[in-house]
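Listed here are the chains, written in short residue letters.
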Amino acid sequence: MHDIDEKTRKAQEAKEKKAAYGRDIDLDTYCVEGECLAPLTGLEQLDQEDRSMMLKAGVDTTEQDRSGSYIQKDTSAIYATSLMDGLEILPIKEALKLDWINEYYWKLADVGQDKYTARAYTDLHNGYVIRSLPGARVTFPVQACLYLHQDALSQNVHNIIIASEDSELHVITGCVSGSHVVKGLHVGVSEFFVKKNAKLSFTMIHHWAEGMLVRPRSVGVVEEGGLFLNNYVCMKPVKSLQMYPATRLIGRGAVARFYSLLVGHPGSELDVGGRILLNAPETRAEIIARAISNGGTIISRGHLAGDIPGIKAHLECRGLILNGGDILAIPELHGKAEGVDMSHEAAVGKINQDEILYLMSRGLSEDEATATIVRGFMSVEIPGLPPDLKNQIDMAVAQTNQEVM
Amino acid sequence: MLRIEGLQVKLGDREILKGVDMEIGEGEVHILFGPNGSGKTSLLMTLMGYPQYRVTAGKIVFKGIDITHMPVHERAQLGMGMSYQRPPTIHGLKTRDMVSICAGNGEQNVEALASQVNMGDFLDRDLNAGFSGGEIKRSELLQLMAQNPDLLLFDEPESGVDMENIALIGNAIAALLERNSSGLSSSCRKKAHPDRRKMGLIITHTGYILNYVPADRGQVLFEGVIACRGNPQEIFQTISRSGYQECIECMT
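Same order as they appear, the protein sequences are chains A and B.
When we follow our numbering, the leftmost residue of the first sequence carries the number 928, and every step to the right adds one.
When we follow our numbering, the leftmost residue of the second sequence carries the number 2, and every step to the right adds one.
Hints are not guaranteed to be accurate.
Claimed, not checked - Which residues of chain A face chain B? A partial, calculated answer using Cβ under 8 Å:
#, residue
1, Ile1278
2, Asp1281
3, Tyr1285
4, Met1287
5, Leu1312
These are calculated hints, taken from the structure and not from any lab test.
From the three backbone atoms N, C-alpha and C, an ideal C-beta is built for every residue, glycine too.
Just need the whole structure built from these sequences, with the hints factored in.
This is how it looks when you write it as structure tokens:
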């Protein structure tokens, strides 16, 4: 009880607290009341429009090659089903009735961080809890969809993913807004727990409407021998997106890799970072970002901090500016002990004309050559990602590529 | 046929070509000699249509079409192709995909082509990324094999290639120019390719290429003009013996 009082107090104090980054948002202009929708017994009950929107963010409602699904429409969890032994998928509001969730709920993220975390606590709609049990190999991805359908809604979710000891889990989360949505706010708190020798890949694809404001708040922890792959793809216009997911490597040999692919369209502001703290021996971290500004503003942040000799960390940010865009790359390395091995490379520029001409001399038109180079720029090898997820990312890239050009 | 008339070219403010005349007939292969900085690469880049090489006078006619101001890709589509000395690296583009692009995305057995120039292991690597000098040359050849142009421009195709691969490269170039005899019953190359139409212009410093590709003509470029024309072997021997001095005297 004391714990709840403490969180409530923190939320109260942070109610008006501006975030460290990103434009400030007046939360009162977005409604927190959503229509209460009845749960579905099968995904075929979704209407065609919803299904096609979800597919754009990698959520396949036929559930082919999926281990299970969680679908949230506006404020309601309408579907949560596991198709595999050793895999649990449940709405967080259900999970909160269980004792074990208290080991995880708000254990990494801080209610008092800013007004968005505070809102996710005080006005929680729902969210998912996905857990692979010890030793389970959930090789087909679990898909989760956070679907915002009601205009001017503030959708507040809290997600928890737990890869238990010696398990393997892949999650793809598609965040989508309905085709008629003009504006809206998505606040999402996510907490990731990668236990001893577990492997978790988390791939998030954003496919928002142009007027959307998005404030994800993610924190992860990786124990001994664990691997956490965190992929993020945002290639569609969005009004303002700010996130700075952080992960702590606390056990020997833990590894985290963050990959992000960003496209900033005219009128879009993307402020996307990644932070990995290497706090145990033999840990390794990598942050790789590819950003294309097609006229929008992108801030690409990266922060690696290590305090144990022998840790290895690398940060890479490459930006491509087209059509008068704006990219600010801020790579940060913080070594706090002798013997850390940390490096970064950042490059921002335009497409090399020689590359375009080289391709043109093989018969491609200038537009085709440019598209080929951009596609190459966005194709990042992600070791350890199942082919199906790789295809989802490639599809999202290919789709946008055409639109960007 | 390729015809170059009074071609003058500027790179930035500097005049690089000062009135070049040249004619390469159908089925002919010419060797382009010249000291460093004489404008050889600039001539090839101008022929391919690189816009930084600004044509200030003269014209280029290929297959009867004035291509002086034609964009690069249209020249490629018309049948021109080039093997670069130092092509750019393209991250994220697999060599395999570039070969398909060269083939016009048509049906080409990429693996089979690659094995001919020992490039099988490179197909799934990013184009030119970390390739050695010799690997770059083989990659360029592989691309041209898929592209199959009618006029082939080679910028020092043998530089940086180890002795083991020289024969491989030389024979591949000969095959591209329809001048190979290997595998044919007739030892006469001309007889082996009675309808030979491929044209070539090859820059070489070492002359090794002459051992594999019989050339019809040699031209020496010096300070932006053609200083000498003649038998390529003879020119090469003269240059090997006494440098470019004799060629220059020939001009003056």
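Violated constraints from the hint list, given by number and in increasing order: The structure conflicts with hints 1 and 5, although it agrees with all the remaining ones.
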